[in-house]
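> Chain by chain, the residues:
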Amino acid sequence: MATVFAAYAWLVPVLPLAAFALLTAFGRSLRTTGAWVAITASLGSLVLALLIAGERLAGAEDYSQSFDWLVFGTATLSIGIDVTNLTTLMMVIVTVVGFLVNVYSYGYMRDDERMTVFYAYVSLFLASMLGLVLADNLLMLYIFWELVGVCSFLLIGFWYYKPEARDAAKKAFIVTRVGDLGLLIAVLLLFWYMPGHALDFSSINNVFGNDGGTISAGVTTLIALLIFLGAVGKSGQFPLHVWLPDAMEGPTPISALIHAATMVAAGVFLVARTFVIFEASPAAMATVAAIGAFTAIFAATIALAQNDIKRVLAYSTVSQLGYMMLGLGVGSIVAGMFHLFTHAFFKALLFLAAGSVIHAVHTQDIREMGGLAGRMKTTAWTFGIGALALAGIPPLAGFWSKDAILAAALEQNPLLFVVGAVTAFLTALYMSRLFYMVFAGKPKDGSHAHESPAVMTVPLVVLAVLSVIAGFVETPWYGWFGEWLTGESAHHAGYLAMIVATAAGLLGLYLGWLIWQKGTIDGKALAARMPGLVRVLERKYYIDEFYDLVFVRSLRRLGHALRRFDAVVVDGVVWLAAATAQAVGRLNTRMQSGQLQGYLLAALFSVVILVLAVAGRRLW
Amino acid sequence: MTLLGSYLTLAAVLFCLGLYGVLTKRNAIVVLLSLELMLNAVNLNLVAFAKYGMIPSLTGHIFTLFTISVAAAEAAVGVAILIVFYRRRVTVNVDEFDELRR
Amino acid sequence: MLEAIPVLSLITWIPLAGALVTMLLPLRNARALRWVAGVFTAVPLILAALLYAEYKPVIGGGSYEEAYTWLTVPLNRDAAEGIASLELAFDYLMGVDGLSLPLVLLTGIVSMMALLASVHIRKRWKTFYVLFLILQTGMYGVFLTRDVVWFFIFFELTLIPAFFLIGIWGLEGREKAANRFLVYNGVGSALMLLAFLILVATAGFTATPGAGGDMLRFSGSYDVLLANLTGSGPQTSLASDPIFHLTDGMKWAAFVLLVIAFGIKLPMFPFHTWMLRVHAEAPPSIVMVHAGVLLKMGAYGLIRFAAQLFPDELRESATVLAVLGVTGILYGAVLAVVQKEFRLLLAYSSVSHMGIVLLGVASRNDIGLTGAVFQAVSHGLIAALLFLIVGSLYERTGTTRIDELGGLAKSVPFMSGILLTAGLATLGLPMLSGFWGEFLSFLGLFESMKVLTVFGVLGVLLSAAYMLRGVLAITFGPQSTRYDGIKEARFVEALPMVALTALIVLLGVYPSLLTDPMQQSFEPLVEAFKSGVGG
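Chains as they are written, first to last, in this note's numbering: chain A, 51 to 670; chain B, 147 to 248; chain C, 176 to 710.
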């Protein structure tokens with residue numbers, strides 16, 4: 051089939067960009083109209099993205115288009131779009147979640163007087179994210195990579211008057227920037243090592259696909275690790291995960307869109323996009339798998355001890371992103387991207403449902419919630435479906451994708467498989483804790499919670515449906531998704547992984563039911579027996595404190611020391627020079643006594659000396 | 147000693163007397179007088195060279211006339227300043243002429 | 176169209192004519208004076224923009240050149256065989272190429288914006304505008320002249336008005352700041368003059384065969400110097416003559432003197448302390464010009480004279496320059512992190528960003544050099560914008576201390592938005608102009624000095640830390656009740672803010688606009704770097 055719609059793929063990011071421009075220029079005079087502009091633009095993007103996807107499902111060829119951006123004598127930097135199956139998949143995820151979140155926000159943000167500003171930022175984010183997805187070269191990807199970062203920063207700090215929001219926004223920007231610099235240096239390295247200074251993905255595929263071509267193994271590993279550093283920052287992997295939970299200070303729709311479904315998954319996407327470089331370096335692959343597995347289990351343990359509904363979900367996101375990285379690290383691009391695909395739906399669903407809860411009870415502390423199931427039926431049902439999908443209960447979407455990752459891990463390294471299975475257990479445990487504490491039990495006194503308006507619940511239902519069915523595109527018996535994405539039919543390890551994953555999930559749910567619903571096991575007593583462990587988990591392993599001590603404080607101390615250096619030494623030398631000149635001047639003032647005859651006498655003596663000197667020269 | 151030599155000697159003596167006066171006298175009027183003496187020593191030199199020098203010419207004479215007139219003007223200005231100064235400070239003592247220093 | 180008129184001279188001298196007109200007109204009120212000065216600022220800006228639009232990049236300067244004999248001093252020399260005359264010639268030479276053209280346009284834009292921002296000036300308007308116009312002539316001249324003697328004259332011509340503008344209209348510590356400015360820059364000028372004297376007396380030599388023998392002349396023409404120093408001029412044939420012989424020692428001396436002289440102006444670590452006081456004390460519109468254009472004269476001089484005239488020396492000292500640049504980047508950034516006064520934060524940020532220019536120069540390839548010029552232009556725009564907002568905020572709140580401000584996004588959302596945009600541009604956000612300057616400089620330097628580049632990139636991280644700290648402390652957070660009543664920007668303030676922001680975005684999205692005229696400018700230089708590798 052011919053490529054008809056793909057030629058208009060550039061419109062997908064341009065539509066939200068136009069909405070952003072409109073809202074920025076005329077924002078003050080628009081209110082609800084502004085929201086409609088943004089929603090319409092994202093709907094347009096969604097429709098176009100679906101048309102392109104349909105065309106690609108029918109087997110259209112890859113489409114790419116590129117223009118020169120900056121021309122030098124020796125090299126050219128270009129800008130362009132690349133429509134492949136991988137980018138189309140991401141494009142569909144981003145536009146679907148983006149559109150639903152836009153609709154949802156119309157209810158959630160209705161009372162905020164800066165609603166148009168909110169929609170402007172969201173539109174800019176969608177434009178940047180879609181630009182990132184479609185970018186045909188690494189530099190352009192980096193540029194949009196930074197732009198989504200700044201949009202995330204703006205939206206985290208949307209409620210600018212809250213000091214916590216301000217600090218969280220700043221932290222998010224700076225911590226992810228650490229990773230971004232890794233990506234930047236990777237771009238620099240690639241620019242000078244690639245033949246012809248090419249940065250586009252097809253050249254990268256060609257060069258690294260053939261055993262790295264002229265590029266040595268060491269440099270390949272370095273490039274891969276630096277790219278991975280960028281992904282670590284963006285996708286909240288250990289040790290740069292600290293910004294993501296704090297980012298929950300932003301409005302909840304933003305947490306769903308940016309900090310669960312799309313932007314944080316960009317790191318996974320980046321690794322998938324440059325997968326040939328990783329494949330060329332076993333060391334880099336091992337690093338990706340190790341970091342991913344460690345982050346998965348590490349964040350899951352923290353999620354067990356958090357009391358803020360959004361923070362639990364945030365740590366869950368970190369953990370699931372680690373899962374995706376694990377999938378990529380064990381060499382299965384299909385498993386990683388598949389989990390990204392399903393996770394986008396059920397995690398967005400969980401966040402939006404959590405937003406619906408917060409909207410109703412005006413608190414984020416799960417200890418102050420309870421018994422909401424009776425009053426918020428839709429929210430409770432959809433949240434439950436999301437939680438089950440996340441816990442990996444068959445036949446929901448999360449099960450299939452988690453199974454794919456575990457199967458791939460089992461093939462590579464049993465240790466990674468065990469870590470993955472334990473994480474699956476922990477995931478089910480904290481999700482059941484969350485669900486029971488929020489929705490089950492007796493309602494708290496004085497709470498007049500009620501169901502959210504339809505504009506908020508309809509997106510929940512749509513996402514819930516997607517969370518149920520999205521997994522069927524790739525099952526151990528039906529490998530359509532993997533074939534479509536990579537062109538190779540995926541292979542599965544059989545039933546061991548599936549059984550273990552299901553068992554872990556069910557065990558977690560059962561244990562959670564025992565502790566938080568039935569009360570057979572006294573959770574409080576359990577916690578009281580190991581107060582040290584609980585405190586460490588509650589304080590998130592003291593990583594924030596550690597960073598504060600090692601980086602922030604020492605930088606500040608260095609700054610103060612340098613300030614003294616600047617004032618005393620650098621400026622002191624200048625001062626010394628000036629003071630010397632002044633001292634000489636003062637000495638000379640002494641000689642200016644004002645006595646005319648004194649001056650004359652001095653002049654006379656000078657003349658005599660001069661004459662003697664001249665005459666003396668003649669004589670000698 | 148040639149005729150020129152004696153003129154020059156006289157001029158030198160006059161110049162040194164004037165210089166001594168300028169450097170040592172405290173009374174400003176005496177300093178001005180000594181200054182005139184120095185100028186006249188120069189005039190004498192000019193005339194002497196014009197008459198007995200290597201290339202006798204009229205230039206020296208003319209230059210002397212100029213010097214005399216300029217000296218007269220200078221004396222007039224000098225004395226005028228002195229009078230103004232005397233009115234302000236009631237002194238003609240050179241030691242106390244240190245306005246610029248204050 | 177522009178070839179027909181002496182456009183370069185017009186751009187340079189119209190502001191001076193404006194200064195005369197302003198001086199003579201019997202006007203006393205600020206508004207009328209601003210209009211007159213505005214007209215004389217706008218005309219060169221329009222001419223510069225037309226020139227920019229019409230310019231076609233060609234090696235060596237192109238069709239806009241002006242040359243007039245200005246001053247010839249015959250020199251006595253014992254009659255020698257075959258020499259008809261020997262003279263010292265100072266000519267009036269103007270020219271423009273891809274290196275100077277962007278800076279000329281930058282001068283026009285920043286001057287215009289600073290003029291609009293001068294609404295905050297409260298006294299002695301006539302003197303202010305006269306000095307301001309003289310300053311413009313100096314700036315245009317520096318970028319447009321092709322003769323080192325005239326370069327020196329124009330360079331000095333910027334010092335004097337700037338001295339008075341800082342010293343009369345500045346804040347509390349203005350006189351000390353002006354003093355510091357003059358003394359430091361005076362030292363720089365003295366070193367520059369010394370270097371130019373060495374150059375004119377040796378490399379400025381040309382011999383033209385005439386009827387009665389060779390006509391020998393010394394001149395300050397940049398093209399003559401360039402030809403002689405890079406080995407294609409008549410100097411090579413006269414190398415045996417001990418009088419004209421340019422020894423390696425002299426070349427190094429001239430090179431080092433030039434680097435220090437322009438390093439002071441840039442400012443390069445450790446010659447930066449004078450600039451802090453100027454940034455903190457000068458009136459906002461003058462800091463705009465100062466940070467926007469005057470510092471860029473250092474960058475321009477560094478590339479024009481130190482780099483282009485001495486490619487061999489630059490190649491050998493590139494590592495030193497890069498180390499100085501990286502030191503400046505990190506040093507300025509770390510100090511900016513702990514500043515409590517926003518203007519000082521911006522001043523240290525300038526130190527940090529000018530270090531990037533040094534990196535671009537040290538890279539010795541066309542990407543890095545383009546990056547250096549891009550960084551100069553972009554920082555000019557961004558610094559002008561930042562100080563414009565700082566001036567407007569100071570006008571309203573009476574302070575720019577970070578700990579005394581907060582939550583201004585509530586009462587002045589427009590200015591806060593612009594401030595945030597400018598801050599993001601400073602920290603090198605893509606799609607804003609600051610990114611390209613940094614990226615291209617790093618990209619260029621990475622070819623030869625990878626580890627140093629990585630250290631430089633760390634500075635980008637720090638720039639995010641200090642810029643966000645400063646901007647967010649001012650605009651975000653709870654608002655103090657003290658600032659409840661403050662008003663949003665007036666039209667005359669908002670206009671330059673929007674214009675500068677638009678330019679910053681434009682250059683970020685469409686960088687070719689700036690790099691295309693530079694296309695050919697660095698080719699001879701890069702060739703010189705390459706050809707010298709063997710020898």
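Honestly, the hints are just simulated from the structure, not real lab data.
Treat the hints with care, since some could be wrong.
Claimed, not checked - Restraint ranges, calculated between C-beta atoms of paired labels, are given here:
| # | chain 1 | residue 1 | chain 2 | residue 2 | range |
| --- | --- | --- | --- | --- | --- |
| 1 | C | R297 | B | A221 | 52 to 60 Å |
| 2 | C | L688 | A | G268 | 56 to 64 Å |
| 3 | C | V248 | B | S215 | 19 to 27 Å |
| 4 | C | F630 | A | G434 | 51 to 59 Å |
| 5 | A | V600 | C | G660 | 56 to 64 Å |
| 6 | A | W60 | C | L688 | 42 to 50 Å |
From the three backbone atoms N, C-alpha and C, an ideal C-beta is built for every residue, glycine too.
> Each hint: holds or not?
Hints versus structure:
1. Between R297 (chain C) and A221 (chain B) the beta carbons are some 54 Å apart, a value that agrees with the proposed interval 52 to 60 Å.
2. Look at L688 (chain C) against G268 (chain A): about 39 Å separates their beta carbons, and that is not inside 56 to 64 Å.
3. Range check, V248 (chain C) to S215 (chain B): Cβ separation about 37 Å, and the 19 to 27 Å hint is violated.
4. Under the hint 51 to 59 Å, the C-beta atoms of F630 (chain C) and G434 (chain A), about 52 Å apart, fit the expected range.
5. A hinted range of 56 to 64 Å for the beta carbons of V600 (chain A) and G660 (chain C) is inconsistent with their spacing of about 44 Å.
6. Roughly 21 Å separates the CB atoms of W60 (chain A) and L688 (chain C), a value that falls outside the hinted 42 to 50 Å.
When each numbered hint is compared with the structure, violations occur for hints 2, 3, 5, 6.
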